[in-house]
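A.B. asks: The residues making up each chain are set out below.
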Amino acid sequence: MIEFPILTLLVVVPAVGALLVAVISKRHPDLVKVTALGASVLTGALALWVLFAFDKSDSGFQFASRHAWIKPWGISWHLGIDGISLFLVVLTGVLFPLVIVGIDPHRDHKRYLSWMLLLEAGVMGSFISLDLFLFFVFFEIVLVPMYFLIGGWGYEGRVYAATKFFLFTMVGSAFMLVGIVATAILAKADNGQVTFDLIKIAENAEFAAGTGRWLFFAFAIAFAVKVPLFPLHTWLPDAHTQAPTGGSVILAAVLLKMGTYGLLRFGVYLFPEAALWARPLFFTLATVGIIWGAIAATMQSDLKRVVAYSSVAHLGFIVLGTFALTTTAVTGGVMQNINHGLSTGALFILVGMIYERRHTREIAQLNGLQQVAPVFAAAFMVVMLSSIGVPGLNGFVGEFMVLVGSFATARWWVTIAAAGVILAALYLLWAYQRVFHGEPDEANSGFAELNWKEASLLLPMIGLIVFTGVYPKPMLDRIEPSVKAFIAHVEERSNYHEPAPAEPVLVELEGEG
Amino acid sequence: MLDLIWLIPALPLAGFLLILLFGRKLGDPGAGYVATTLVVASFAVSVGVFADLLSLEASERAGHVQRLFEWVPAGALHIDLAFLADPLSLTMCLFVTGIGALIHLYAVGYMRGDERFSKFFLYLNLFAFSMLMLVLGSNMLVTFLGWEGVGTCSYFLIAFWHERQSAATAGKKAFITNRVGDWGFMMAMFFAFWAVGSLDYAVVNGGAAGMAPTTSTAIALFCFIGACGKSAQLPLYLWLPDAMEGPTPVSALIHAATMVTAGVYLMVRINPLLDAANSYAPTVIAIVGAATALFAATVAVAQNDIKKVLAYSTVSQLGYMFLAVGSGAYVAAIFHMVTHAFFKALLFLGSGSVIHAMHHQQDMRRMGALRKLLPITAITFIVGWLAIAGVPPFAGFWSKDEILLFAYDKSPVLYAVGLVTALLTAYYMTRQVIMVFYGKAHWHDAHEQHGAAGDYVGSAAGDFTPHESPKTMLFPLVMLAGLALVGGIIQLPSWSWIPSSLAHRLENWLGPIVHGHEHELTRDAHDLSGTLALVAVGCAVVGITAAVLVYAKHKVKPIEPKILADGWGYDRAVSWVMGNPGRRAFDGVAWADAKVIDGAVDGTGALVRKAAGQVRKLQSGNVRNYAAAIGAAVVLLLLWFVVGRGIL
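As given, the protein sequences belong to chains B and L, one line each in that order. Reading the first sequence from the start, the letters are residues 1 to 513 in my numbering. Reading the second sequence from the start, the letters are residues 1 to 648 in my numbering.
Bear in mind the hints are in silico, worked out from the structure with no lab data behind them. Predicted model, so just to flag it, every value in this text is computed and none were measured. Ideal placement from N, C-alpha and C gives every residue a C-beta, glycine not left out. Take these hints with a grain of salt, some might be off.
Said to hold, decoys possible - Which residues of chain B face chain L? A few of them, derived with a C-beta cut under 10 Å, are:
(1) 34
(2) 309
(3) 371
(4) 419
(5) 457
(6) 471
(7) 487
(8) 489
Claimed, not checked - Only part of the chain L face toward chain B is listed, based on derived beta-carbon distances under 7 Å:
(9) 168
(10) 186
(11) 193
(12) 197
Claimed, not checked - Far from chain B, by Cβ distances over 12 Å, these chain L residues were calculated:
(13) 50
(14) 79
(15) 112
(16) 113
(17) 204
(18) 434
(19) 527
(20) 564
Work out the full structure, taking the sequences as your base and the hints as a guide.
C.D. replies: Now the structure itself:
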């Protein structure tokens, strides 16, 4: 039966959109915008369709699409989606149209939109590829538009930031390319032929312990750069700060998630034994990142850098949860990918709006904004509380699941990581106080209130922030089966056993039946 | 009514949403009345549920759980958004909504004319909702939801007049200090979950006896860290005196009557764990409680800001409650929580009425002789004073007495500390009453500005005559004064002249919650209870007399050393540590991040550039070109894929 190739379309639609935008003449700026918007909205609609058609009882890959590509090397166009990638795809699909319609790059819309759409194609492809080589292609595609977006539409230090971003990621990718080729070749004996198919390798390949660890690290370095994991994180503040708002939003919301997703889907999944062996290292780096990122965020004088460093801290939680390898922690980590995407994405949008009005991101230049723009301040407050992890909003659910789930396998790290919640309040509230509280001075007293266009960009995000915080069940129901299957796979391929808490016993209370 | 528990928090939530959507239209005072009405409705439902529980056999009153939906289901973790109706949670609901309603009403008068009037009630209703989630949650996570919610609302409300930097800073300080405690609460949940596989109180408490004592000790003490933050105990009390920056109704509702008692509630809620824990756990709690009670009382003696006295007094009284918890006197802790809510809310609202009358002057040295101009405020304030001082038959006497009795049974040292605190309490409260309501009027002698910050910037001095507050403010005062007078009736001791049907009513009511875990008084202590009560009254009389001699008769010079006024310099020391070594450490991290870690990156880059200098001639060295090449290659690859291989 030939199924409707919906996953292929998720990649092709934005790619074709990028091409169309590139060839449409500059003299039709409206046509350019409509085309870009159309392509991104269509992709978003497809992503939502996937969400609604997704079978939550199925823990395996759905909507799979597989075609041989380079037969002699066993490379194929193999796409599939499961609970772990589902919401990343949905987030990507939903966020791009919002960014494309809601954030104005101010110049050269045609090239900007073209790069944006190519970026979307690359990100989508990365999240649904089930072939190592194909994944690598998409993973690399992403670099190019992002490089041009930072370099072309960024701020004063954009060239340095773009180059740094590019080189950092390229170095990581070089390791991964070697790792991918080596993995495929070394797995040949177990597979009977060379293949780059993720599932086949994961199911069949038996690597010697030493080999597996080398291969694991080849992958892990590339992903650790992308996450970014301490101490490979210093490209991030520069890239985030210098990127145009749209670029920052996409970078934080989905690009970084290629790192955490990759660690899970490729690193741990392919090399469970090596991942277990390397756990203490990753626990430590994640925890150090949580504390280090938070402290560094506190001391930044540029509002955008505060948010950028907060990402280092937040992503540390996800890595911690991923390596903790309990269903609760990994599910929490997968969910936290989305939560961070929403809240940090929204924070970057808000900081971008401040920049649009004041042409500065310096905290010292801003003050008293709550008095002149209370609605704007309220929007910032809700998003900030979500980022701090206040229960009832989305950030808390994932963070709590990561911490409580990791407590069995990483007790001492969790004890320290949980202190990160204190620091999160510190750097955000302090920044908020300096920017929003107090009396506005002359330069800030004309700060414009949130307008309808801006509100319509933020409202869906805030809506999702509240909804996911109050009722995360629909999301968790879809993530959890795949996570369970993933952990079962790890258990099968190593001597690991997921620890379980004591069976809850409800002691009969007086008066109850 | 039992299946309507959900309405108790839902009504204030509805108020929040209404004001969120229509706040500007409702305006001043409409929004205030909407908010008040919904809290009153919530109180009515609480009374209904209470009556329902009361009609049941005592043994059937506990453990009524109402599940709304699955909140966080993942892996072994299954957390419902569910409410628990039992004597403890209903006691909390009754006084939270009851006192909450009175304070809402008061605030309608107090906040009149504020440009953010409706926003104030928006926050106030959100607070009421969160507080009710806290006390009604059937598992630790729902309690934590409320716990963080009240903390967030407290932050909003302390910083309500956010143009003032001191208010903004105080709000932030409250939030962050509380977060330190929240870390403890989270750790407690982690331990509990892995020990019993659930965060439901029924399971956690039920499993307490079967846990390793180290586990129950860990859960109990980590919860206590959380409680220290929320209930302002040493060493985390720092935020509460600063929280007085908020409008006075907020101080009364959040920072005296309800939110700050959440820590005490939590400890009583998990009392089976405390019972199962190593014996040093309750002792630690009792010592921290007693130390805080004494410490804060000494500081209150030297404060000149009318609200600061009450703030330190609150810290001190909360210390009593933890002394009770640590002594195994859970009923006494709740008893004192309730009576304290009556008289401390009364005192705060009274002080608000004074501040209102004094055109936002808060310095007691600028007051005096107000009893004639503010007769109702003065009379009700005096009732509150007698109640907190422990004069019989006012409410505070009974509850404080019960705590001292259990403290005596736990350790004579703790008892002595409690007694000294009682003396100091009588002393500083008498001082306050004299400075505000008696003696000479000082509100005309302006000129020399004192330090106390008014509710608004630029407090007026000089040309005005203080006036009594409007009825919306006086009605709550009178109601609370009545409660502070007779509130003791809910838990009278078993003395021969008290009819046995009136004695120990709260204890019987809370029986299903604390039964078997509450400390049993030794025979010895039991027989001494009458004597101990006399000693306590003696202390109160000594404290009052001393203050009268000093402040009314001027026979003795006031003893108000600067070190007490400064809170023993503790706040300053902490600020110094945060501002100097702490700040330097943070700067150090930021420096290392920029210079060491990122420096290594830039250094490598420079090195490579130099080394590649020769090769470079062959290549453009321009990343842009590489990037474009990769981009082109990728697009071609894709094209081939799609067109050439016919994937579509």
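A.B. asks: The structure should be examined with respect to each hint, and the outcome stated for every one.
C.D. replies: Now for the hints, and whether the structure bears them out:
1. The closest approach between the C-beta of residue 34 of chain B and any C-beta of chain L is roughly 23 Å, which is over the 10 Å cut-off, so the hint fails.
2. The interface hint given for residue 309 of chain B holds, since its Cβ lies 8 Å from the closest Cβ of chain L, which is under the 10 Å cut-off.
3. A least Cβ separation of about 6 Å between residue 371 of chain B and chain L falls short of the 10 Å threshold, and the interface hint therefore holds.
4. Annotation: residue 419 of chain B was flagged as interfacial toward chain L, and the flag holds, the nearest CB pair being 6 Å apart, inside 10 Å.
5. A least Cβ separation of about 20 Å between residue 457 of chain B and chain L goes past the 10 Å threshold, and the interface hint is therefore violated.
6. Because the closest C-beta pair between residue 471 of chain B and chain L is about 7 Å apart, less than 10 Å, the hint holds.
7. Contact between residue 487 of chain B and chain L, as hinted, is supported at the beta carbon level, the nearest pair being about 9 Å apart and thus within 10 Å.
8. At a threshold of 10 Å, the smallest CB-CB gap from residue 489 of chain B to chain L is about 16 Å, leaving the interface hint violated.
9. The interface hint given for residue 168 of chain L is met, as the beta carbon of that residue sits about 4 Å from the closest beta carbon of chain B, less than 7 Å.
10. The beta carbon of residue 186 of chain L is positioned within 7 Å of a beta carbon in chain B (closest approach about 5 Å), and the interface hint is therefore held.
11. Look at residue 193 of chain L: its Cβ gets to within about 5 Å of chain B, closer than 7 Å, so that hint holds up.
12. The beta carbon of residue 197 of chain L is positioned within 7 Å of a beta carbon in chain B (closest approach about 4 Å), and the interface hint is therefore held.
13. Distance check for residue 50 of chain L against chain B: the nearest CB is about 17 Å away, which clears 12 Å, and the non-interface claim stands.
14. A beta-carbon of chain B is positioned within 12 Å of the beta-carbon of residue 79 of chain L; the least distance is around 9 Å.
15. With a cut of 12 Å on Cβ distances, residue 112 of chain L stays outside the contact zone with chain B, its closest approach being about 20 Å.
16. With a minimum CB-CB distance of about 18 Å to chain B, residue 113 of chain L clears the 12 Å threshold, and the non-interface call stands.
17. With a least beta-carbon separation of about 9 Å from chain B, residue 204 of chain L fails to lie farther than 12 Å from that chain, contradicting its non-interface assignment.
18. Distance check for residue 434 of chain L against chain B: the nearest CB is about 38 Å away, which clears 12 Å, and the non-interface claim stands.
19. With a cut of 12 Å on Cβ distances, residue 527 of chain L stays outside the contact zone with chain B, its closest approach being about 31 Å.
20. Listed as a non-interface residue, residue 564 of chain L keeps its Cβ farther than 12 Å from every Cβ of chain B; the least gap is roughly 30 Å.
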